[in-house]
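Student: The residues making up each chain are set out below.
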Amino acid sequence: MFIRFIMTLVLVTACSSASARLEILITEGINSARPIAVVPFKWLGQGKKPQNFSEIIAADLQRSGKFNPLSINNMPKTPSNSAEVDYAAWTKLGIEAIVMGEVKPDTKPGHYIVTFELLDVLTGNVNMADYNPIMDKRRNTVATNQLRQYAHRISDIVYEKLTGERGAFLTRIAYIAVDRKSSHPYQLRISDYDGEGEKLVLRSKQPIMSPSWSPDGRKLAYVSFENRRSQIYIQDLYTQKRELMTSFPKINGSPTWSPDGTQLALVLSKDGQPEIYTFNILTKSLQRLTKNRVIDTEPSWAPDGNSIIFSSERGGRAQIYQVSLTTGKTKRITWEGEINLGGTITPDGDNLVLVSRHNGNYMIAVQDLDSGELRTLTKTQLDESPSIAPNGSMIIYSTVYQGKQGLALVSMDGRFKANIPSNNGDVKSPAWSPFLQ
Amino acid sequence: MNRSIISKSLLIALPMLALGACSSNSDVDAESAEKNATQAVEQVVDDVQTNTIEAIELTAEEQLAQLYTDAILKTTIRFEFDKSLIMPDYAMILDAHAKYLVNNTDKTITIEGHADELGTPEYNIALGERRALAVSTYLENMGVAASQITVVSYGEEKPVNLGHTKMARIENRRAELVY
Chain A
1 MFIRFIMTLV
11 LVTACSSASA
21 RLEILITEGI
31 NSARPIAVVP
41 FKWLGQGKKP
51 QNFSEIIAAD
61 LQRSGKFNPL
71 SINNMPKTPS
81 NSAEVDYAAW
91 TKLGIEAIVM
101 GEVKPDTKPG
111 HYIVTFELLD
121 VLTGNVNMAD
131 YNPIMDKRRN
141 TVATNQLRQY
151 AHRISDIVYE
161 KLTGERGAFL
171 TRIAYIAVDR
181 KSSHPYQLRI
191 SDYDGEGEKL
201 VLRSKQPIMS
211 PSWSPDGRKL
221 AYVSFENRRS
231 QIYIQDLYTQ
241 KRELMTSFPK
251 INGSPTWSPD
261 GTQLALVLSK
271 DGQPEIYTFN
281 ILTKSLQRLT
291 KNRVIDTEPS
301 WAPDGNSIIF
311 SSERGGRAQI
321 YQVSLTTGKT
331 KRITWEGEIN
341 LGGTITPDGD
351 NLVLVSRHNG
361 NYMIAVQDLD
371 SGELRTLTKT
381 QLDESPSIAP
391 NGSMIIYSTV
401 YQGKQGLALV
411 SMDGRFKANI
421 PSNNGDVKSP
431 AWSPFLQ
Chain B
438 MNRSIISKSL
448 LIALPMLALG
458 ACSSNSDVDA
468 ESAEKNATQA
478 VEQVVDDVQT
488 NTIEAIELTA
498 EEQLAQLYTD
508 AILKTTIRFE
518 FDKSLIMPDY
528 AMILDAHAKY
538 LVNNTDKTIT
548 IEGHADELGT
558 PEYNIALGER
568 RALAVSTYLE
578 NMGVAASQIT
588 VVSYGEEKPV
598 NLGHTKMARI
608 ENRRAELVY
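Order-wise, the sequence lines are chains A and B. When we follow the working numbering, the leftmost residue of the first sequence carries the number 1, and every step to the right adds one. When we follow the working numbering, the leftmost residue of the second sequence carries the number 438, and every step to the right adds one.
There may be inaccurate statements among the hints.
What the hints assert, rightly or not - A few chain B residues facing chain A, derived, Cβ under 7 Å:
1. P558
2. Y560
3. A563
4. H601
For the record, the hints were derived by calculation from the structure and aren't laboratory data. In this text, all values refer to a predicted model and were calculated from it rather than measured experimentally. Cβ coordinates follow ideal geometry from the N, Cα and C atoms, glycine included.
Next up, chain A with everything else stripped away, as it sits in the complex:
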C-alpha cells in the first residue's frame, strides 16, 4: 500500500511537471488521503485541447491533503461519461470516486461546452436501481479565458460533495515580489491560489509589505515605503483607487482587516514601542490595545472578530498572545518552542497557525487551541508568513528554496507540500483571499 502511494506521487509529479511546474513533496504521516480518479477530459474538437482539466483538478485535490488522485497510467480505462464506466474495475483499485468530463467547442467562437460528472464508485458497483452513482453532473458554456478558473470550480464542487466542506480552489493570493532587474523592483501581485494567472497590481521603487484582503475580496490593505517611510494604504482592486490610511511617525505596519470589514488592526510605534491598535476605516479613529516597553506586532483577528491575536516579547522572547476586544484582557497562548510569531486562528476557530522556531529553524506549525499541542508542518529553515485558505484546508507560506524566496503550500495536516515556482525574482508575504464567489 505504502509503495503504491509513493509510486502514485512520483507519477503525479512527473505528469504535472510538464506544464504546471508543480513540485510535490511528501513528508511524514499516515496516508489517510482518499483514493480518487480524475480521468482526462475528452476533447471533442479539432487540434490541441484548450485546457488540461484533469491535471488542474487532480493537483487541486491532492494539495488539500485529503485526496490521493490515481495516476493516469494506472487507470483501467479513461471513460468520459458515466455510461461507459466499468465500476468493478475501479472498485478493485480501491477508488472511491471518479471525476470525468468532455470538452467541445461551442457554436459561439472562443467558447467551449464543458460537461463533467462525479461518480460514487461503491454505489455504482452495487448497481441497484434505487441508488444513483452520479453525485453531480453539470454542463456549462465557458469562455477560453475562464477555462482554468472553471477547472478550479469543478475542484470546488468535487471537494464539497466528497468532504461536506466548501472548496477553496477558486480563490486568489496576493503577495510581494521583488524583481531587482525592474525599474520598480517592489511589486504587489495577485494570482490564482496555485500561482497561475499572475497580475501586477502595484509596483514601487521602495518596499511594499504585509498585504491583507478585505473580507469581500475587493480591496487590499498594505504597507508602502514609497515616501521613504512606512504608510498604510488601501487599494481597490477593481478601480485601482488608493487611499492613505495611516502615516504616523515611525512604524505604520502589519494591517489586517477585521472580519466585518470596518476596521484594520495595525501596528504603530508613534508613542515609543510598536503597539497594536484598531483603526476605524471610515472615522479614522484609533484604539490602542497594548502598552508596554517591548515589541508587540503581527495582529490578526479571531474569526468571530471578538479578539486579536498578536506577537509580543513581553515574556522575554516573542510568543503569541490574545487580547479580548470586549474585556481588554490579554492572555498568552503559546508555550512550546523557542520563539513563536505570526499567529492566525483557523476559520473554524479550533487551531492557531504560526511560525515556530525550533533549534534556530523557523517552521510553520499548528497548535490545537484546546489542548495546546503544537505540531510543526514544515521542515525547512526559513518558513514564514503563513496564510490560511478560507476553508481552513491549506496554508500558503513563504520559504527559501533553490536560493530564492518563494511560496509553498502545505495541507493543514502537513503531509502535502507543493512549491509554487516564481517566474521572476523573490516572492514572499502571501495572503490568501476570502471566498470570491
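Given chain A's structure and the hints, the job is docking chain B onto it.
Tutor: Only chain B this time, still in chain A's reference frame:
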C-alpha cells in the same frame, strides 16, 4: 549629500574635531610614540653599520583628524543576531558622525534600521526600528539634536547581501546612516 562633500565639510571642521577628541585618545598616541623611540636604537654589526632616521609623522591632531575622516566615511553599523546594542567597534564611527552633526546643525541624517531574514517580516520591522533608535539615542547622547535625525526601519526588505548564508545575515543586520 555624497561622501566627498561630507569629507570636505569634515576637513573644515578638523581643528574642532581634534580638540574635542584629544582627551580620550592622547594615551594611545603617547604609547605608540614611546614604542617608536625604543626601536630607534643604533645597531652595529661588524663591518656594516646601520642607523635610523626620524619618520615623518603627522601631529597627534592630524592623526586624529585622519582617523575621524576615515570613520565618517563608514556609514554602516552592524549588530549581533536579534540584538540592538551598539558594539564598541562602532563608537569611533558614530562619534565622527555625531561631531559632524553637532558642528553642522543645518545637516540632517536618516538612520535606516535593517534586519536579517530570520524571523517574520513584521517582527523584523520592529527589530530594525530598535536598531535605528539605538543609533539615534547614541547620537543624541553625543549632543546631536533630535530634530536632525529621522529614523526609518526597512526590516528585512532591503538586504545588502541577497544570499541566505550566515555571512549574508551578518551583513544584513545593520543600521545605515544616510545624509
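Student: It remains to establish, for every hint, whether it holds in the given structure.
Tutor: We went through each hint and held it up to the structure:
1. P558: holds (6 Å)
2. Y560: Since the shortest Cβ distance to chain A is 5 Å, the answer is holds.
3. A563: holds (4 Å)
4. H601: OK, holds: H601(B) within 7 Å of chain A, min 5 Å.
Taken one by one, the earlier hints all hold for this structure without exception.
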